[in-house]
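Using the numbering used here, you'd call the opening residue of the sequence shown number 1 and step up by one each time.
Read the hints as simulated data drawn from the structure, not as lab findings.
Don't take every hint at face value.
[To be verified] Okay, the calculated beta carbon distance ranges per label pair:
hint : residue 1 : residue 2 : range
1    : 234       : 195       : 28 to 34 Å
2    : 298       : 94        : 22 to 28 Å
3    : 226       : 281       : 23 to 29 Å
4    : 47        : 209       : 20 to 26 Å
5    : 62        : 301       : 18 to 24 Å
6    : 154       : 24        : 38 to 44 Å
In this text the structure is predicted, and so the values were computed from the model without any measurement.
Think of the CB as a built atom: it goes at the ideal place given N, C-alpha and C, for glycine as much as any other residue.
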Amino acid sequence: MPSLETVEPDESAPPRPRPGRSLLRDLLVAVAAGCAWWLVGFLPWLVHGAVDVFVGDRTGAFLAVPLTTGALTLLASGALLGGVVAGLAALINRAHPVEAAASGFVGTAVAAALALTQASGTVRDLAGGGFDSDDRVLRGLCLAVALITLAGWVIGTLALLSRRIGGGLALAVLAGVVPTWFVGLLVSSTSATEHLATITTVGRWAGAGVLACALVLVGIRPLVRLVWWPVAVAVAWLVGPAITAAGYLQVYLRPGGGLPDALPEALDATWDVFVAALAPSVRPVTPWIVAVAAAALVAVVVTARRPTDPAGS
């Protein structure tokens, strides 16, 4: 009779992940991404407008997101900021990037689908056949939110591929959208429209602070990373005009606007607004200069104190 030998466990082998723990991490990422998209992205709307909207001839309706043609600025900025933050939520499970990205995408998609379904159903019921309740309008708005959210999520998820460069670009996008988001939040929560100029200035500096963080995260070592600094600044610079153009487009999205025949003309005019808003003369550049200078100073100090950069960062 052959003898049975005791097999000793291989202590050098990496521990196998527990299925239950892995599922819990995936669920955590999905929930965090979905909540981030809605609660963070659309916080200005939830603080003030979600339960105090006017749709058709009735008031007091709850909309999960501002799915109306008169709120394109809030809709676009919320979808973009929410998408980026939802993508960054995958960093919770950075050790398993593929699973984290998949879970974050599912969570974001589910949250967006639920919010858009609720909002479109409410608008359709309350607008009573008006312009906002037109299926073509609702489908267009839903598609726009989905595409903007997807773009933001992709940018945020880049942090999984490269914590410094990907994360820096994600923060650069946030730097561009934070001023609009910040103004919407404070004006909505305080109704302090008489202080709009001050709030707008504070919002610009808040965006500059986020941009400085983005540049510091990118770093200056190795020196090739300096190539990404103008890229990050350019990305942040483009976001504001894009949101401005979205706000201008809502002028055309109204009853009697000649849609859909006038849509090409509206898009051409919106593009012209976007191009005009890119000019440095239409917005203060001081916050941008200060952000870059402060980031350069901090990056030099950090590099001097930490001369080596961890591999794979």
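Hints and how they fare:
1. Separated by about 31 Å at the C-beta atoms, residue 234 and residue 195 satisfy the suggested range of 28 to 34 Å.
2. For the pair residue 298 and residue 94, the supplied restraint of 22 to 28 Å holds, since their beta-carbon distance comes to about 24 Å.
3. A hinted range of 23 to 29 Å for the beta carbons of residue 226 and residue 281 is consistent with their spacing of about 27 Å.
4. The hinted window of 20 to 26 Å between residue 47 and residue 209 holds, with their beta carbons roughly 21 Å apart.
5. Checked against the hint of 18 to 24 Å, the pair residue 62 and residue 301 fails, with Cβ atoms roughly 49 Å apart.
6. Separation of residue 154 from residue 24 is about 25 Å and departs from the stated range, judged on CB atoms against 38 to 44 Å.
Of the hints listed earlier, those the structure fails to meet are numbers 5 and 6, in rising order.
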